[in-house]
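Given chain A's structure and the hints, the job is docking chain B onto it.
There are 2 protein chains.
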Amino acid sequence: MNQDYIKADAWSIIEEGFDKEQVKSSESLFSIGNGAMGQRANFEERYSGDTFQGSYIAGVYYPDKTRVGWWKNGYPEYFAKVLNAPNWIGIDVVVNGTALDLNSCTEISDFRRELNMKEGWYSRTFRATLPNGIAVQVAVTRFLSLEIDEIGAIAFEVTPLNDDVEVVFEPYLDSGIKNHDTNWDDQFWNTTKVTSIGAQAFIAAHTMKTNFDTCTFMESKVYYNGRHTDTPSEKTTKDTYVSHRYTQKVSQGGTVALHKFGGYTVSRNHGTGDLIEAAQEALQKATELGFESLLELQRNAWATIWEMSDITISGDVKAQQGIRFNIFQLNQTYLGTDSRLNIGPKGFTGEKYGGSTYWDTEAYCIPFYMATKDQKVARNLLQYRYNHLQKAIENAEKLGFSNGAALYPMVTMNGEECHNEWEITFEEIHRNGAIAFAIYNYYRFTGDYSYISEMGLEVLIGIARFWQQRATFSKDKDQYVILGVTGPNEYENNVNNNWYTNYTAKWCISYALEQLQKVKEEYAQDHARIVTKTGITDSETALMKEVADNMYFPRSKEHDVFLQQDGFLDKELITVADLDKTQRPINQKWSWDRILRSPYIKQADVLQGFYFFEDHFTVEDLEKHFDFYEPFTVHESSLSPCVHSIQAAKLDRMDQAYEFYLRTSRLDLDDYNKEVEEGLHITSMAGTWMSIVEGFGGMRIVDDMLSFAPKIPEQWESYSFKVNFRDQIVKVMVENQEASFTLEGTRPLTILLHGKPLHLNPEEVSTL
Amino acid sequence: MNQDYIKADAWSIIEEGFDKEQVKSSESLFSIGNGAMGQRANFEERYSGDTFQGSYIAGVYYPDKTRVGWWKNGYPEYFAKVLNAPNWIGIDVVVNGTALDLNSCTEISDFRRELNMKEGWYSRTFRATLPNGIAVQVAVTRFLSLEIDEIGAIAFEVTPLNDDVEVVFEPYLDSGIKNHDTNWDDQFWNTTKVTSIGAQAFIAAHTMKTNFDTCTFMESKVYYNGRHTDTPSEKTTKDTYVSHRYTQKVSQGGTVALHKFGGYTVSRNHGTGDLIEAAQEALQKATELGFESLLELQRNAWATIWEMSDITISGDVKAQQGIRFNIFQLNQTYLGTDSRLNIGPKGFTGEKYGGSTYWDTEAYCIPFYMATKDQKVARNLLQYRYNHLQKAIENAEKLGFSNGAALYPMVTMNGEECHNEWEITFEEIHRNGAIAFAIYNYYRFTGDYSYISEMGLEVLIGIARFWQQRATFSKDKDQYVILGVTGPNEYENNVNNNWYTNYTAKWCISYALEQLQKVKEEYAQDHARIVTKTGITDSETALMKEVADNMYFPRSKEHDVFLQQDGFLDKELITVADLDKTQRPINQKWSWDRILRSPYIKQADVLQGFYFFEDHFTVEDLEKHFDFYEPFTVHESSLSPCVHSIQAAKLDRMDQAYEFYLRTSRLDLDDYNKEVEEGLHITSMAGTWMSIVEGFGGMRIVDDMLSFAPKIPEQWESYSFKVNFRDQIVKVMVENQEASFTLEGTRPLTILLHGKPLHLNPEEVSTL
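For the protein sequence lines, the chains are A and B, in the order given.
Just so you know, we're using this note's numbering here: the first sequence kicks off at 1455 and counts up by one.
Just so you know, we're using this note's numbering here: the second sequence kicks off at 1455 and counts up by one.
These aren't lab readings, by the way, just hints derived from the structure by calculation.
Take these hints with a grain of salt, some might be off.
Since the list gives no way to pick out one identical chain from another, each pair is judged satisfied if it fits inside one copy or across any two copies.
[To be verified] With a cut-off of at most 27 angstroms between alpha-carbon atoms, the simulated DSSO-like pairs for lysine-lysine come out as follows:
hint, residue 1, residue 2
1, 1772, 2185
2, 1519, 1632
3, 1931, 2011
4, 1931, 1972
5, 2043, 1845
6, 1931, 2078
7, 2185, 2210
8, 1519, 2043
9, 2128, 1663
10, 2185, 2043
11, 1772, 2176
12, 2011, 1929
13, 1827, 1572
14, 1845, 1806
15, 1806, 1519
16, 1806, 1526
17, 2128, 1526
18, 1632, 1703
19, 1675, 1647
20, 1772, 1987
Only chain A is shown next, with the shape it has when bound in the complex:
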């Protein structure tokens, strides 16, 4: 691993000592967010060293003009990107005329960062000697409020240690911000108003092209030794900048503090309402409460989240820290209250991947949100795709499909495709399968069929139409084939008959036809509406059935396994264990063609199918496929170890399962992929949760019942987690080889434990 400087701690992420080389990594690791906005852990005061500034507003994006080397027909004109938003956290700090800048201080000691996940705040403390010889003690605490999600708060304290001094705080707003990853160096923001009203300041800016209106705002108060001072500020206004300058004499050992409240109001949430007025309201609420009371509300809000979603692990503090970090970041990124939002691969911690929605949401994130939140949250995530159905149909039309066939985009912000690599954009079409699977998975878990009859069936029909049209009848094979695809393993491009894709396609069609039948029988009114809207006919469903019933699956007789794709056995099948270690990771060491013709697998592909459709196969089948494919898997995708951990646990290979678990849970904390400075891997964090709950805990839905088959890695004394199952909460505690269950609810519930029924009564501890 690249970096390993985070202190092991059950509830906090802690860095001790200042290392300029770690600044960008720590900016990622100590990121904070509240679902509505988020930011990297940039310093408030100026920092002249190497840094990656980032502040982001949920759902506010910019369609950056596509940049490609060689244009292919069908490419989208734009790539919707998460926007680096105006900066509201900035505070210039000047002591006796010299700026506080950790890059120029002559001495820094006791530097410590803490991200307190239990309470939802981030702090930084240090002692520093400025170039002018003044030594100061600095303590900063910052959080983004869950209570008022347009508000963030900063308490910035300075204590001079070796002299009486004059401290200047100059909090500011700055909308002269560019994305690091702009394709053409375009300006994304147009600032229309910069103003100060009393102690408050506002910058109105809208995004170019998308015209999201935003108001970035701040209000600050100065305290000297804990008492509010009324000193007026000097105000400076520029084109994209406003600051309020507070000057305070501070005696040696005395403490001056600036409390800065800031954040964003956005037209997405306020319609045509006045965003400055909305900002004033938010500021009024925040300042009336004050920093401490707002922080207390923050602690309470996080306590509520943890009450439901915490996973405890005893006997292994690094594993404990890992899973909490994952759960914490998922909750910082997405809280499920807004069906227009989704979960970007980097959340609010960086720009990579454009910050948009991938199939990660359906394949990895929905189970976490389904089991740890109200089921409305998962439904909101499903509805997000329903809302984009028309765009998915248009996307398929661009690629030559017709009659309502829907291809969901690989990457999107608003339903439009915005990726532009032909082998991904046009060919990694299995994403459609994950979107259909999530509908099935949601109903399986929640028992809520209303989503299918009201919305989901239309999505399923669009997807089934796509697969029917996308399959080709091979006269040679006398079966349907699917040519030219990229499977989940992106280390293969443009292959024929990727087993996972073919299997998923067949399943999607069958499932859609079953639901069409069920809705016809049980929800006649919905059926009539959907038939009218989609124009689906019996002859079309017959065509679909023909494809599903006659789908070709590549298979090796010799190895008795399904083949990842046609021709897989032509490869030189040298396992990863026999691969020279200097060649790893292959995505950094090898040219693309070499990767493609190698047998190496980036992430579960056939095994992803065995994960989704587990009950279609025997354990012996799974074992055979695991033994065949895992040895070729390099796990160079963050989404790989979790699925393998779950399957290794199922196969009772607990050491391997544990190793995969650590790799997924501490991927960012230990920076396995040497790229944490670009931001965190948010979506794979949901896979970490699955590794424990579905892997070690063995949670499944079997015959409409919650089912467990708990196992425990020998490194752990015990672990526990909770699952919200149909509005009742089941707490699972696994200790040694025993599992006990507590039902928090009002109705008795029968679950399965290792296949046997176990009756749970409310508030009782049950075990077999």
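For chain B alone, kept in the frame of chain A given last:
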């Protein structure tokens, strides 16, 4: 076809009437070049309408920073591009204070362009009424001298028709030029000196990064009614511009003429010598001769070229014009005197494709140059690759190959790869085969083995090493396979076992091993040198042989043909004839994935192999493969029709052969691909020549003898061509169904005619 405005004429390209919509197309079609430089047919005077300015210097390129959407390991950092060079042709023309600008004239009549291919000059004449009411007659003649290849000459004549006027000529040089296709809007030129010395002006500029020094220069003389006037000019000098302004009173009906000589001197040709001095020398030669004498030398030089390379066709003026246009452009682009130069796909007529060297040179151009020039020219083209061998080895190393394996670049200026599409750059590796084939082809035609023993064998070894390492042993097939390639048909990417690639690979290895053996036996000294230099061992050649002997070739029993690649028969095999015409051309109508999974073939792929290795297969084999593949071929590459024309002729399908011939020979003149304004398709023009000589003429080398099997399309009365065979010239005349042969040489020569020997004596006409 898109445009069809060029008048049919046996020797000239003629446009009549001014149409703003055609300006850019005509700028391509009327391009002139002399091997050392070339330029689009831009107007000398200012033109405010839509135009694509282009002037190019052979071998002067710029490594533009690569632009891609998604970086892949192994991509080159730079794409070497032909440079749009400083403009020396510009002449501002002002009549009574109003600029002559065809875009603003109130009336234009008698507009006519002629590109006189026989004599190598380009002229433009028209009458125009300026916005100030003055009507003028204008006649311009321009050529790039073959005699002094650093010199171009322009005679620009103005005759006022309705008043006495004052004409201002302001010839200028301008180095403030950018490429249209710059990736990052970079400046490619750095101008270091702008100066006037007497009647001459010079701009010294060097290219950024590559540091090619150039001097762009001019000298002008004014004539009034044929008499030289001594009026001094007013000089203007700016950062990247210099002009000389001549003012002349002209009576109604009188003619004022400006003779402008200009061009480039380049450090490539003058080393560290003073380029301004070199320019002065060139100008002195040119002005001493004067416009008319220089033009007379031009006529003579072109007469010499035509004497050898002309093809006559009687009874079909469009076919005649087509072939001469192709031969003319090839000679304008490359004259074969400099082994550092090569033939870019657009020659000097545009920027597309970067202007670099592709496999087109070996696959299509070498036969033309071999048969119409001294054999040194073809040898120079081969030596170009020998000179780049070390770079090809480095290129292969970047992709993970070792031990001297060589992968020649897909696109290059200096031997380094500069393309950046993984499916082409890394996978269209069959280019290596064409480079080896050209060595074989050169020896077969010229009988000059010295290239192989002196240089070629090293190239062959590097290529054979590449194929041996690139092949993979498939346990499943118990044969060697080649995975992940793009064949000549670029409408398939990343396929396994492209038959053409596998066949070529096998042949390359076998041929290299045979030559190694032959050199060992017959050129012991060369053998020793090469073994030492390359380190080739018996164990390595055994490995190579193992691969060649056990190569896998995909084949269909049902259709009794080789398959283009594994899985080809899974496609929906609807022929082009049955494809909805609104879907053509598919490369404009379909998304890339749809093209890839279709059966449609961009250009000969299996059939390219049947072309190269014709004598490995029977005519029945060819027919079977032609009948199987041609119906799926959309010919959307300029390189496609020629090969099909040759094979159709061989199969006695003369109508089809003729149709393909017209398509290849008039591709640009009739703008089949609707893109002629971007420049001409230079390399495919050599294919046109092949269609006649190898297709209709049936020229081959059989048992070391020149062999013909002439056929004639029914649309033609007769045709003739000449072939330079081993320093003697064979003139072939085909009339009706008879062919006659004239030997221009000193030694009798036996050729084969339809497989039977025919003895030719010098200067006699022979027939069977």
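Hints, one by one, checked against the model:
For a Cα distance limit of 27 angstroms, the shortest separation of residue 1772 from residue 2185 inside one copy, 22 angstroms, qualifies, whereas the shortest one across copies, 86 angstroms, does not. Taking identical chains as interchangeable, the C-alpha atoms of residue 1519 and residue 1632 lie at most 27 angstroms apart whether they share a chain (15 angstroms) or sit on different chains (22 angstroms). In this assembly of identical chains, residue 1931 and residue 2011 lie within 27 angstroms of each other by CA distance both inside one copy and across copies; the values are 17 angstroms within and 14 angstroms between. Neither within a single protomer nor between protomers do residue 1931 and residue 1972 lie at most 27 angstroms apart by alpha-carbon distance, with minima of 33 angstroms and 47 angstroms respectively.
Taking identical chains as interchangeable, the C-alpha atoms of residue 2043 and residue 1845 lie at most 27 angstroms apart only when they sit on different chains, with a minimum of 20 angstroms there against 38 angstroms within one chain. In this homomeric assembly, residue 1931 and residue 2078 come within 27 angstroms of each other (Cα to Cα) both inside a single copy, at 26 angstroms, and across copies, at 22 angstroms. For the homomeric pair residue 2185 and residue 2210, the shortest alpha-carbon distance inside one copy (18 angstroms) is at most 27 angstroms, but the shortest distance between copies (95 angstroms) is not. In this assembly of identical chains, the alpha carbons of residue 1519 and residue 2043 lie at most 27 angstroms apart only when taken from different copies (22 angstroms versus 30 angstroms within one copy).
Taking identical chains as interchangeable, the C-alpha atoms of residue 2128 and residue 1663 are never at most 27 angstroms apart, the minima being 35 angstroms within one chain and 33 angstroms between chains. For the identical chains of this complex, residue 2185 and residue 2043 are neighbours neither inside a copy (46 angstroms) nor across copies (57 angstroms), given an alpha-carbon limit of 27 angstroms. When the C-alpha separation of residue 1772 and residue 2176 is checked against a cutoff of 27 angstroms, the pair qualifies only within one copy, where the shortest distance is 20 angstroms, while the shortest distance between copies is 83 angstroms. Within a single copy, residue 2011 and residue 1929 get their C-alpha atoms as close as 22 angstroms, and across copies as close as 14 angstroms, so both meet the 27 angstroms cut-off.
In the homo-oligomer, the alpha carbons of residue 1827 and residue 1572 lie at most 27 angstroms apart inside one protomer (17 angstroms), although the nearest pairing across protomers, at 83 angstroms, exceeds that limit. Proximity of residue 1845 to residue 1806 under the C-alpha cut-off of 27 angstroms is restricted to the intra-copy arrangement: shortest distance 24 angstroms within a copy versus 35 angstroms between copies. In this homomeric assembly, residue 1806 and residue 1519 come within 27 angstroms of each other (Cα to Cα) both inside a single copy, at 16 angstroms, and across copies, at 22 angstroms. Within a single copy, residue 1806 and residue 1526 get their C-alpha atoms as close as 23 angstroms, and across copies as close as 16 angstroms, so both meet the 27 angstroms cut-off.
In this homomeric assembly, residue 2128 and residue 1526 come within 27 angstroms of each other (Cα to Cα) only across copies, at 18 angstroms, whereas the closest approach inside a single copy is 32 angstroms. In this homomeric assembly, residue 1632 and residue 1703 never come within 27 angstroms of each other (Cα to Cα): the closest approach is 36 angstroms inside a single copy and 59 angstroms across copies. For a Cα distance limit of 27 angstroms, the shortest separation of residue 1675 from residue 1647 inside one copy, 23 angstroms, qualifies, whereas the shortest one across copies, 62 angstroms, does not. Neither within a single protomer nor between protomers do residue 1772 and residue 1987 lie at most 27 angstroms apart by alpha-carbon distance, with minima of 53 angstroms and 57 angstroms respectively.
Violated hints, listed in ascending order, are 4, 9, 10, 18, 20; each of the other numbered hints is respected by the structure.
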